[in-house]
Amino acid sequence: KQEVTQIPAALSVPEGENLVLNCSFTDSAIYNLQWFRQDPGKGLTSLLLIQSSQREQTSGRLNASLDKSSGRSTLYIAASQPGDSATYLCAVQTGANNLFFGTGTRLTVIP
Amino acid sequence: KAGVTQTPRYLIKTRGQQVTLSCSPISGHRSVSWYQQTPGQGLQFLFEYFSETQRNKGNFPGRFSGRQFSNSRSEMNVSTLELGDSALYLCASSLGVAGDGEQYFGPGTRLTVT
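As given, the protein sequences belong to chains F and W, one line each in that order.
Per the working numbering, the very first residue in the first sequence carries number -14; after that it's consecutive.
Per the working numbering, the very first residue in the second sequence carries number 133; after that it's consecutive.
Since the hints were made in silico from the structure, they are not lab data.
A couple of the hints might just be wrong.
What the hints assert, rightly or not - Simulated crosslink set (DSSO-like; lysine-lysine; CA at most 27 Å straight-line):
id : chain 1 : residue 1 : chain 2 : residue 2
1  : W       : Lys189    : W       : Lys145
2  : W       : Lys145    : F       : Lys27
3  : W       : Lys189    : F       : Lys(-14)
4  : F       : Lys53     : F       : Lys(-14)
5  : W       : Lys189    : F       : Lys27
6  : F       : Lys53     : W       : Lys189
Claimed, not checked - Here are some, though not all, of the chain W residues that point toward chain F, as calculated from beta-carbon distances under 10 Å:
id : residue
7  : Gln138
8  : Ser165
9  : Leu175
10 : Phe177
11 : Leu178
12 : Phe179
13 : Phe182
14 : Arg187
15 : Ser226
16 : Gln235
17 : Phe237
18 : Pro239
To be verified - From chain W, some residues computed to sit far from chain F (all C-beta separations above 10 Å):
id : residue
19 : Leu143
20 : Ser159
21 : Glu184
22 : Thr185
23 : Phe201
24 : Ser202
25 : Glu207
26 : Asn209
27 : Leu213
28 : Leu215
29 : Gly216
30 : Thr244
31 : Val245
On a predicted model such as this, the values are computed, not experimentally measured, just so you know.
Every residue, glycine too, gets a C-beta built ideally from N, C-alpha and C.
Kindly produce the complete structure, drawing on both the sequences and the hints.
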């Protein structure tokens, strides 16, 4: 069974700092990996989708990488802002059209 | 393009009752998936519907069921509610094509069972 782990569980950084969130998964037979952001009590906002054949994707200050063979992905956030404070979730999609989620990293950016 | 909508946004029910949640996917999306989010278990997959057929199912008891209509709107039903069913229920829509699975989530329905 696919298991997804995210480290660290919580992270607090001063505004302006660059940071990296980590995601690992046990079964490398994935279609894609998706990073989401969730604000308290809200739904999920898709940030980046990386297909299994890709190595990275970029959107603005966000860059996500994927190393399928080692079962790892990282989300890099440049020049963090207080508005980036949220829980970040990674999820992998397997052959079936469902996602396996990690437990998330709760990020706090201190002004 | 309108996003995924879910109704109602909040519900309070009593143990033993049943509840129906609704999800309208993004126009053109044929797949709707349902997830349960709790503080203890995180996000767990319930089931997925594609073209009115349940295509995948997670590891939940038969009290949890769903259906999809011809316009791709989906409903989820939970019967004989238990306290442990209190959760945020999220639906996600996608094109449903294998390997092209970017999923877009709705705002969720917060269900409280008392």
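Minimum beta-carbon distance criterion (10 Å), Phe177 (chain W) to chain F: At 4 Å from the nearest chain F Cβ, Phe177 (chain W) passes the 10 Å test, so the hint holds.
Please verify that the nearest CB of chain F lies beyond 10 Å from Ser202 (chain W)'s CB. Its Cβ never comes within 10 Å of chain F, the nearest being 19 Å, so this holds.
Interface exclusion of Glu184 (chain W) relative to chain F, criterion Cβ beyond 10 Å: It holds; Glu184 (chain W) is separated from chain F by about 15 Å at its closest Cβ, greater than 10 Å.
10 Å Cβ clearance of Thr185 (chain W) from chain F: Label holds. Min Cβ-Cβ 12 Å, cutoff 10 Å.
Does the interface hint hold: is Gln235 (chain W) within less than 10 Å of chain F, judged Cβ to Cβ? 6 Å, holds
Lys189 (chain W) paired with Lys145 (chain W) [C-alpha distance capped at 27 Å]: Roughly 25 Å between the alpha carbons, so the hint for Lys189 (chain W) and Lys145 (chain W) holds.
Restraint satisfaction for Phe179 (chain W) [CB to CB of chain F, less than 10 Å]: Phe179 (chain W) check passes; min Cβ-Cβ to chain F is 8 Å, inside 10 Å.
Holds or violated: the hint that Ser226 (chain W) contacts chain F, with Cβ atoms closer than 10 Å. 7 Å, holds
Just want to verify: Leu143 (chain W) was marked as not at the interface with chain F; is every Cβ pair farther apart than 10 Å? 14 Å, holds
With a cut-off of 27 Å on the C-alpha distance, tell me whether Lys189 (chain W) and Lys(-14) (chain F) pass. Holds. Lys189 (chain W) to Lys(-14) (chain F) sits at ~14 Å (cutoff 27 Å).
Regarding the hint that Arg187 (chain W) lies at the interface with chain F, is the smallest CB-CB distance below 10 Å? 7 Å, holds
Determine whether the non-interface label on Gly216 (chain W) survives the test: each CB of chain F must be over 10 Å from its CB. The assertion about Gly216 (chain W) holds, with a minimum of 18 Å to chain F.
No hint from the list above goes unmet by this structure.
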